[in-house]
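Fit chain B to the given chain A structure using the hints.
Chains as they are written, first to last, in the working numbering: chain A, 1 to 100; chain B, 101 to 600.
Honestly, I wouldn't trust all of these hints.
Below, simulated SDA-like cross-link-like pairs (lysine to any residue); rule was C-alpha separation at most 20 Å, straight line [said to hold, decoys possible]:
| hint | chain 1 | residue 1 | chain 2 | residue 2 |
| --- | --- | --- | --- | --- |
| 1 | B | K184 | A | G70 |
| 2 | B | K173 | A | A61 |
| 3 | B | K350 | B | T340 |
| 4 | B | K184 | A | Y59 |
| 5 | A | K58 | B | Y179 |
| 6 | A | K58 | B | L171 |
| 7 | B | K184 | A | H37 |
| 8 | B | K184 | A | A61 |
| 9 | A | K58 | B | A172 |
| 10 | B | K184 | A | S90 |
| 11 | B | K184 | A | D26 |
| 12 | B | K184 | A | R62 |
| 13 | B | K188 | A | G41 |
| 14 | B | K173 | A | A43 |
| 15 | B | K173 | A | A49 |
Quick list of simulated restraints, FRET-style, between CB atoms [claimed, not checked]:
| hint | chain 1 | residue 1 | chain 2 | residue 2 | range |
| --- | --- | --- | --- | --- | --- |
| 16 | A | A44 | B | T189 | 19 to 29 Å |
| 17 | A | A35 | B | T189 | 28 to 38 Å |
| 18 | A | F60 | B | D557 | 41 to 51 Å |
| 19 | A | D68 | B | Y179 | 15 to 25 Å |
| 20 | B | G342 | A | F60 | 34 to 44 Å |
I should point out that these hints are in silico values taken from the structure, not numbers from a laboratory.
Treat the numbers as computed from the prediction; the structure is a model and nothing was measured.
C-beta: ideal position from N, C-alpha, C; glycine also.
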Amino acid sequence: MQKRIVTMLTAMSLMLPAVALAASGDALFLQSCGACHKKGGKAAIVNPADKAGTVWEKYFARGRHPGDMGMSDADLQSVIKYLVAHAADSDQPAAAVIPK
Amino acid sequence: MKKILLTAGALLAWTSCAVAGAGGQSVVSIPAEDYKAILERLDTLQKRVDQMEKAESPSAKATSAAMPSKLAKDVETIYDTLDKVETKTLKDRISLGAELRTRADFFKVKNNANLSPGSLVEEHNDNHWSNRFRLNLDSEIQKNLLFTGRVTAYKNFNNNASNIYANDSNAAHIPGDTGLKLDRAYVDWIPEGMPIPLALTFGRHPSSEGPPSELKENRLRQSTYPSLLFDGESDGVVATVGLERYLGWKNSGIRFAWGKTYQDTNTSVAYMDTYGGAVDDSNVFAAFFETEIPGVRDSLLVLSALRANDLTANNYYLGNSAATSANNIGNMDLYGIHVQANNVADSGFDIFLSTGLNKTHPSGTIGYDTNGSIATLEGTAGLMNNDGTTSHTGWAVHTGLRYNIPYKPWNNPKVGFEYNHGSDYWFNFTWGSAELYNKLATRGDAYDFYYIQPFNDNLFGRLGYTHIDYNYSNSGLHIGDFGESTAELDNLYFLLDVRF
Numbered sequence: 001m002q003k004r005i006v007t008m009l010t011a012m013s014l015m016l017p018a019v020a021l022a023a024s025g026d027a028l029f030l031q032s033c034g035a036c037h038k039k040g041g042k043a044a045i046v047n048p049a050d051k052a053g054t055v056w057e058k059y060f061a062r063g064r065h066p067g068d069m070g071m072s073d074a075d076l077q078s079v080i081k082y083l084v085a086h087a088a089d090s091d092q093p094a095a096a097v098i099p100k
Numbered sequence: 101m102k103k104i105l106l107t108a109g110a111l112l113a114w115t116s117c118a119v120a121g122a123g124g125q126s127v128v129s130i131p132a133e134d135y136k137a138i139l140e141r142l143d144t145l146q147k148r149v150d151q152m153e154k155a156e157s158p159s160a161k162a163t164s165a166a167m168p169s170k171l172a173k174d175v176e177t178i179y180d181t182l183d184k185v186e187t188k189t190l191k192d193r194i195s196l197g198a199e200l201r202t203r204a205d206f207f208k209v210k211n212n213a214n215l216s217p218g219s220l221v222e223e224h225n226d227n228h229w230s231n232r233f234r235l236n237l238d239s240e241i242q243k244n245l246l247f248t249g250r251v252t253a254y255k256n257f258n259n260n261a262s263n264i265y266a267n268d269s270n271a272a273h274i275p276g277d278t279g280l281k282l283d284r285a286y287v288d289w290i291p292e293g294m295p296i297p298l299a300l301t302f303g304r305h306p307s308s309e310g311p312p313s314e315l316k317e318n319r320l321r322q323s324t325y326p327s328l329l330f331d332g333e334s335d336g337v338v339a340t341v342g343l344e345r346y347l348g349w350k351n352s353g354i355r356f357a358w359g360k361t362y363q364d365t366n367t368s369v370a371y372m373d374t375y376g377g378a379v380d381d382s383n384v385f386a387a388f389f390e391t392e393i394p395g396v397r398d399s400l401l402v403l404s405a406l407r408a409n410d411l412t413a414n415n416y417y418l419g420n421s422a423a424t425s426a427n428n429i430g431n432m433d434l435y436g437i438h439v440q441a442n443n444v445a446d447s448g449f450d451i452f453l454s455t456g457l458n459k460t461h462p463s464g465t466i467g468y469d470t471n472g473s474i475a476t477l478e479g480t481a482g483l484m485n486n487d488g489t490t491s492h493t494g495w496a497v498h499t500g501l502r503y504n505i506p507y508k509p510w511n512n513p514k515v516g517f518e519y520n521h522g523s524d525y526w527f528n529f530t531w532g533s534a535e536l537y538n539k540l541a542t543r544g545d546a547y548d549f550y551y552i553q554p555f556n557d558n559l560f561g562r563l564g565y566t567h568i569d570y571n572y573s574n575s576g577l578h579i580g581d582f583g584e585s586t587a588e589l590d591n592l593y594f595l596l597d598v599r600f
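For reference, chain A alone in the conformation it holds in the complex (with noise of 0.2 Å):
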């Protein structure tokens, strides 16, 4: 028995980066994105169940934002993957990430 839970301590240790990595685009997103889509912000609110994963990936590679995102192409690219991974389309759509 204390194999075992030895065992899946280790492999969630070992899945808590992956978790952070997931976390990032989360992170900015609310940070970076949110800093204008939001309440009474300069552009409308904004969520990444308002579109599917795909039209969200079409939206960026078309270069259809406006102005300057002051994110590197990393950070943009986490937040894309956030964006798509819970998008309409997603299993786990984020329909109130920004408060509306």
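Quick look at chain B alone, frame taken from chain A:
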């Protein structure tokens, strides 16, 4: 354009120099005709450049300067609209379709004695009405992952009673209560990167209303399996290997199927077998090879082989509730050849011929009593025998044709005829048959006429008449050996089908 012209000129000049250089001080000449042609070509190019520059007048320049912002705005609006439409489309993961059938049957039975299970028990039943509703679902989850489903409510008019002959193979195919039954729900998975074309199908299968049922039902093919051999709902896994690329025969492939016709479960612990005295599960293993017949457009050939192990029996279909407990009574082999061709030589005729052969491997009996007393058992019943050991072989043939009447004012109606004959010991797995009396299980002769009248693309009616002469009793049942029959069945019906 100007750049191209300049480049061409420079290249020409450089080439001339290079040629001159190669020859020292001497001047190398090229044929006058070639030189003239080059000059003419240069003139032509120059003229085109001039024209293009002229076309870009000040007013045109002003327009083109104004266009980008307007265009960009329009494009952005279009993109926004597309985003909404595409998102909505992607969120609608399942496409829905529906079918409604209202059917009126008029039955007449003579010398009724042990017709097929689930069929008529009354001697006479005029005016039998039923409704069948089907909800069809499908989804392309991913490019190589497809889902198809169907739930059905099938009931008699003003009657919400469950049919006592309903079992897991026909729950959605005989009238019962108003509840929705799971008719089919399966996923086709086409794994990528496989060395051979492979598809895996798992779930509740499209194993009912197979060819040639689609002719009479006036629709596309609904099942993999020829309806003479297998027609019912089933849970299992099927692997399909595409053979077209190897054989060069259109739509050729082979399927390996596994399913269970019975799975023993403990009534109090759902995930375990019954303790002690329980019957073994019934497993079905099958292989089907199919192809379009080379050289015959819109045709089908299916070769089938099926083994059902550990078939079970209980007293349920033998008259009453008292009997020894359920038991395994043996194995059954089933083979078939199905040939079909639609619109043969553009004649408007669809034709088919289907044959089947079955052989039993008996290994047990149950005791039964039609009066409900275990103490006074009337006898025993095995796999199409009463002794539990005698093996039998049966056969059947099913043939017919449909003619598509080329008369547009009446929306090209169709008329068809089918005939099937089953020997004394013929047995197939067709409890989910579209005909309530399990026509293709008949141990005798069945004659079937129908006329299909389309009213529009979504609504059609069918008027039909079926006559069956039974030679042997208990058609469609694998339990017991009950001898000859003189029963006759007549069925006149009319139905209306709406599909959308």
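These are the hints, each one checked on the structure:
{"no.": "1", "hint": "B:K184 to A:G70", "in the structure": "violated (26 Å)"}
{"no.": "2", "hint": "B:K173 to A:A61", "in the structure": "holds (18 Å)"}
{"no.": "3", "hint": "B:K350 to B:T340", "in the structure": "holds (15 Å)"}
{"no.": "4", "hint": "B:K184 to A:Y59", "in the structure": "holds (12 Å)"}
{"no.": "5", "hint": "A:K58 to B:Y179", "in the structure": "holds (10 Å)"}
{"no.": "6", "hint": "A:K58 to B:L171", "in the structure": "holds (19 Å)"}
{"no.": "7", "hint": "B:K184 to A:H37", "in the structure": "holds (19 Å)"}
{"no.": "8", "hint": "B:K184 to A:A61", "in the structure": "holds (17 Å)"}
{"no.": "9", "hint": "A:K58 to B:A172", "in the structure": "holds (16 Å)"}
{"no.": "10", "hint": "B:K184 to A:S90", "in the structure": "holds (16 Å)"}
{"no.": "11", "hint": "B:K184 to A:D26", "in the structure": "violated (23 Å)"}
{"no.": "12", "hint": "B:K184 to A:R62", "in the structure": "holds (16 Å)"}
{"no.": "13", "hint": "B:K188 to A:G41", "in the structure": "violated (27 Å)"}
{"no.": "14", "hint": "B:K173 to A:A43", "in the structure": "holds (18 Å)"}
{"no.": "15", "hint": "B:K173 to A:A49", "in the structure": "violated (25 Å)"}
{"no.": "16", "hint": "A:A44 to B:T189: 19 to 29 Å", "in the structure": "holds (23 Å)"}
{"no.": "17", "hint": "A:A35 to B:T189: 28 to 38 Å", "in the structure": "holds (32 Å)"}
{"no.": "18", "hint": "A:F60 to B:D557: 41 to 51 Å", "in the structure": "holds (43 Å)"}
{"no.": "19", "hint": "A:D68 to B:Y179: 15 to 25 Å", "in the structure": "holds (20 Å)"}
{"no.": "20", "hint": "B:G342 to A:F60: 34 to 44 Å", "in the structure": "holds (38 Å)"}
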